[in-house]
Amino acid sequence: PYLTRCMLLFQLRMQVDPSSFALETRRLTISLICDCFYPNAGGVENHIYQLAQCLLLRGHRVLIVTHAYGEGWQRQGVRYMARGLKVYYIPYRPFYNQSVFITVFGLLPVIRDILVRENVDVVHGHSAFSPLALESLMHSKALGLRTIFTDHSLFGFADLSSVLANKALFLFLNVVDNFICVSNVAKENTVLRGGMNPDRVFVIPNAIDSLAFRPDPSARDPDNSNSWCSLCSLCTFNYITCCSDYVRKHTAYDIFLNCCVIIFRAYGGSH
Numbered sequence: 001p002y003l004t005r006c007m008l009l010f011q012l013r014m015q016v017d018p019s020s021f022a023l024e025t026r027r028l029t030i031s032l033i034c035d036c037f038y039p040n041a042g043g044v045e046n047h048i049y050q051l052a053q054c055l056l057l058r059g060h061r062v063l064i065v066t067h068a069y070g071e072g073w074q075r076q077g078v079r080y081m082a083r084g085l086k087v088y089y090i091p092y093r094p095f096y097n098q099s100v101f102i103t104v105f106g107l108l109p110v111i112r113d114i115l116v117r118e119n120v121d122v123v124h125g126h127s128a129f130s131p132l133a134l135e136s137l138m139h140s141k142a143l144g145l146r147t148i149f150t151d152h153s154l155f156g157f158a159d160l161s162s163v164l165a166n167k168a169l170f171l172f173l174n175v176v177d178n179f180i181c182v183s184n185v186a187k188e189n190t191v192l193r194g195g196m197n198p199d200r201v202f203v204i205p206n207a208i209d210s211l212a213f214r215p216d217p218s219a220r221d222p223d224n225s226n227s228w229c230s231l232c233s234l235c236t237f238n239y240i241t242c243c244s245d246y247v248r249k250h251t252a253y254d255i256f257l258n259c260c261v262i263i264f265r266a267y268g269g270s271h
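Here UniProt numbering is used: the first residue of the sequence shown is 1, the next is one more, and so on.
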């Protein structure tokens, strides 16, 4: 009986709104928008690039929108990366911490031009620290596009910067269709800060493929075979420290490098 009810509900929904299922099979044009992207190096930048590559492998068309980089705006305009990934470096100068100044409507002309020109179906913004992503999501929803937002970080509630950021989050993100957080704690934090419905927030945990960081066994020094040590476990340690409060004062890269020094001193033949 339960299976029968499920089939009846499925058939009823197909008759009422079949377009909602068409999105799962047709090729989409997806725009990933964030202030954080290459040539900057960081977790959000790498996440966006890897996500874009995975979407390209699934047959979707993907483009990335970020601001220009360089003292003289050496990197601006349109660039192409692996698998035909198209990147728009729009001519907006960073205001603070590699983020553009929040203007509410200042980005509307260029964002609308890109979305209409590329015939975008889904707009995916990243990071609550990115005014470019927040404003673009608001304008995209006004254009009738599907929108989704991924939050990568934890915010406080007491200091002035957190209060202002939370107000901006509440202003821009209540029109977004769905949300993604990288942990259950991040979900609770985002729901409290943005005041959105928890049912619209989904958790997709961060993960690291340890095999990508495993040293080549064939390159092992036979004279130091007993003292050889793999740093695969430290890759997981690097990910865990990124989510801790300690990283507010010390970056994960510093912690990782300090651990490497300890390992190299203990195991002289480490790779």
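Hints are computed from structural coordinates only; laboratory data are not their basis.
Predicted, not measured: the structure shown is a model, and the values here were computed from it.
Mixed in with the good hints, there may be bad ones.
Only pairs whose alpha carbons sit at most 30 Å apart, straight line, appear in this in silico DSBU-like list of lysine-lysine [unchecked claim]: (1) K187 x K141; (2) K141 x K167; (3) K141 x K86; (4) K187 x K167.
What follows is a list of derived Cβ distance ranges for each label pair [as the list claims (entries may be wrong)]: (5) R265 x F105: 22 to 32 Å; (6) S161 x D216: 36 to 46 Å; (7) P94 x C260: 41 to 51 Å; (8) A207 x M81: 40 to 50 Å.
C-beta: ideal position from N, C-alpha, C; glycine also.
Evaluation of the provided hints:
1. K187 x K141: holds, 22 Å
2. K141 x K167: Distance ~19 Å between K141 and K167 Cα, so the pair holds.
3. K141 x K86: holds, 22 Å
4. K187 x K167: holds, 17 Å
5. R265 x F105: 22 to 32 Å: Violated, at about 56 Å.
6. S161 x D216: 36 to 46 Å: holds, 45 Å
7. P94 x C260: 41 to 51 Å: violated, 31 Å
8. A207 x M81: 40 to 50 Å: With a Cβ separation near 22 Å, A207 and M81 fall outside 40 to 50 Å, so the hint is violated.
Checked against the numbered hints given earlier, the structure breaks hints 5, 7 and 8 and satisfies all the rest.
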